[in-house]
Amino acid sequence: MDLYVAALGFGLISVSVIAIAAVGFTMQFGITNMINLAYGEVMMVSGYAAFYVNRAGVNIWIAMFAGALAGAVLSFLLNRFLYAPFQRKGTNLIGMVIVSLAASLMIANLMLPIVGYYTSSYVVDQGPLLRSNGLVLTTAQIAIIAVAVILMLAIHGLLRYTRLGKAMRATAANPTLARNCGIPTQRVIDVVWLITGALCGVAGVVAGMNSENFAVSSGASYLITIIAAAVLGGAGQPYGAMIGALIIGIVTELSAAAIAPEYKEVVAFAMLVLVMVLRPQGLLAKRGALAAAG
Amino acid sequence: MTTFRSSLRVPAFAVSTLAVLLLAACGGSTSTGGGLGSGPLLEGVLAPFSGADASFGPRYLAGCYAAALSINGAGGIGGRQLSCQQFDTRGEPADAVPAANAMISSNSNLMGVVGCTSDEASTVVPILDRSHIPMVCMTGQSEFNKTSFKYFHRLVPPDSFDAYAMIGSALFGPNHAPYKRIALVFGDDIGSQNFVGPAVAALNKLGVTIAINQAIHLGAASYRTEVAAMLQTHPDVILTETIGSAGTYMKEVQQQNGGNVIPFIGTSATIDPVWFQQVVDAIGLPAFLANYTAVDLRLSLQGAGYDEFLTELTAADSKFSGSNALTYKGKSPTVHLYDGIILTALAMVAANSSDPTVYNPKIFEIANGVSGATVVNTFKDGVAALKAGKSIRYVGAAGENNFNQWNNSQQGYNLVTMDKDGNEQVVGQLTEAQTQKIIDAGGNA
Amino acid sequence: MNSYYAATLLVYAGVDIIACLALNLQFGISGIVNFSFIIFQAVGAYAAAILSMPPDTANGGYQVYVGGLQLPFPIPWIGGALAGGLLAIPVGLVVLRKLRSDYQAIALLVLSVIANSVITNARPFLNGAAGIAQVPGPFSDQVDPLSQSYQLLYVGLTFPCVLLVWLIASRIVNSPYGRSLRAMRDHEVAATALGKNPVQMKMTIFIVGGIIGGLSGAILVGYIAVWAPSEWLYPETIILFAAVIVGGRGNNVGAILGALLVPVGFEEATRLIPATIGGWVPPPNLIPAMQWVAIGLLIIGFLWFRPQGVRPEPRRVFEGSPEAEEVDRVRTA
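Chains as they are written, first to last, in this note's numbering: chain A, 1 to 294; chain B, 295 to 739; chain C, 740 to 1072.
Just chain A, with the same shape it has in the complex (with noise of 0.2 Å):
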């Protein structure tokens, strides 16, 4: 019983790492109606960044507003110059994943003489590992679970409370009926690239931070991992996002417990699988992207 209660403990720090990366993922989707297979990579990318950051003897937690500078700016300019000027030219959903297929790997085969095939890590403190009724976490950890939290419920503000928010939901929901009442949509998608493409950045450090090694084949894993998550809580729908990321997450470490560990992915996949086929909506079952939970 001290494993499974150990194993949700580790569940919660998973969930904060994919929580973070599958928000940003799912708002890129929402806004600009496509999936971003090269998301992945700029979460390795941005993970780099704080790397270089980091061992230039700079603290890990602020080296993240690193990682987060440099998801955002890579973001940007992957909209900017590829997506947005293919989406124009009228390219179908299925060009458009293959352009992100193909962008991530031109950044990942880009990285590798740079960084090389070895492993990286970062240098952090981890602090003192606390235990309680069977739970197993470090101060770091714990931290790291804070962050999500944090970030989670700033979008929430973001989205509910401010007029940024509002114009992103808007633009979400209808474009050229958003456009029509004044909103600036273009501007508004360039916003929503930069913020995504932050929490993309923060959630490449974390993830980096969680996993202990990484390396330039560290994006493509993320990525499946992401997208079902995103999928799994309805595509489109930050919510939706968190919620996959806890039903993800828990069921991973949980299953690592129950049955063999090497298939404690595999679970978790089969699962959003078995939502897909169900419930191809998602759980949260909203039609329009981004619409306020409640």
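Errors might be hidden in some of the hints.
[What the hints assert, rightly or not] According to the in silico footprint, chain A covers these stretches of chain B (three or more CB under 8 Å from chain A):
(1) 454 to 465
(2) 499 to 512
(3) 546 to 555
These aren't lab readings, by the way, just hints derived from the structure by calculation. Glycine is no exception: its CB is placed at the ideal position from the N, C-alpha and C atoms.
Starting from the structure of chain A, add chains B and C where the hints point.
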């Protein structure tokens, strides 16, 4: 209505694409006959240079560079200069086949090939053998323990022997009582598969308790639950490899075990500066030094042969600036493949023929040495001795080689650890009797 | 002239053409975004392997797998094709519903990742990560597999299969059935209103594509004699998709062109990049990495400048109307 007329109009350039490739496939004729021939010679490095095992190729290439410099510095092979070229198999068999075929067809001056890892050996070894190309391979698969391929040579033991050596370390190692409960923690890749089966068989036969046999998915984000499950079985020692994920795993062990790392024994692949760095970063140097041991091929890294290797490797490092050759100075594959190439070159000189069917058997002779052979440590000395009419035995950078009837050579294992700078240090050895006992238990020696 | 390399290129070209024709039937004609396509090739290869291999205690007993029935040609190839068709049934039932095209794609992609992970970890089933090696090819008892005549034999076995598949695919594409499929692809609601049953049609073409995909796997495994999970990771499907899109979806010639250009052409031509460039020896991993960057650029370039592919789908009009011209068609979802 579309007619067949338009669909049969296969555009010309589809045909010409294929034609270009087929033309490129044309190589020159192979040279035969007595004498060493003329013109440059090529040593092919057929290994992964991209994909999951992309780190393998460069370390083999470094050994080739060092060998080529050593050979060319001594006047080449009958005046023929040797160069090295990489051929990327991308780490999977379907890409390895065209790589091997392209290599053979575009180069009629192939002296030999090194590389052929377990990612692709099953497909490329037959191809190379049929083209009579002497190869020195790195695959640890047991399929090649009793191979019938005449051109196949292996200077490193099969992976199953690594597993036996690790068990030997656990049972007979110095500085500790025999461990009673053994945890096996390996990844789900091909290399690890070669260890686990023999290890389990041997341990069961010897009656030692396997606390847990845990396969982990390499490259996963975290292993917290896996580690918790492992700790619950209370092992005394962990046998592991987990390239790339070892730091992640061991860190969890340290955290969940109240700051204490369980003793862990690594395979020979863990004797690697990168592995060292990952795990030390994760658990800290004191914990590492106190708990880590490994098994390694008996590589002394000393002697005249090794000195020559190191000299040439240093030269290669500056000549081929992107290769980082010097980082591999202690790596077993680099050293062994260097020796393999020197052996091939000496075989050519000894046979005085550029025909591989003539010089291939000489590799065996020069490695094992006939009775009364002069021992030489470098290519230069070897050529000089041969010129003086002597028969030679090459004892090179990695020391002696002893091919068995299946062209497998290995020198046994050391029990080692690493010091604070990541340099390898020998702490013990297994006796013949101990080794044999485990091999007998595990099978397919 | 090295006949082995030439034979390798020809056999690979044949296998890729067959695979692209199958994918074109599923994706180009019927609009099913089968991002799991590679598992059909994989199941065909594994099926052919376990049908033709001796029992797993042979060859030293280093491998563990099911089957090992040692059946002669052509049973393994037929078995491979059937396995592909059989796999299509549960996969199709699970995924071929009213899913948005990109959701469908993702679900299928995830399925192929799951399959690869399960096979890798379930070692006694198909020998895990090491895969199955020393697969005997057709007639390998009678003709030495390492001889030149065997290469000729293999090419001689492959190309009739290519022709057969092309005939079948042409029959389907240029038939009333093909018209229904294209109607379903372009306007599913309208097609349903006309009485076509999209789910049934999708299922049928999915199975047909699966059968052909399985055959391509059986042919490939007989040639390279090894089949391991590393050969069917999900990027392999992407390469085939790029091939169909670059060549021109919706028509068989386009699929053939794409097969020759992308998996054969791009991937093999990059081997011809010289090792040293004007005396400079690049770091060993640089050129392989740049090859993949080049492939990515090529795909993006094609999608930008010629999204309809090298050979666009011919626009079909009724008899009696002005002669059809090939027009630029950039479809929106």
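Now for the hints, and whether the structure bears them out:
1. 454 to 465: violated (count 0)
2. 499 to 512: Coverage by chain A holds here, the residue count being 4 at a Cβ distance below 8 Å.
3. 546 to 555: holds (count 4)
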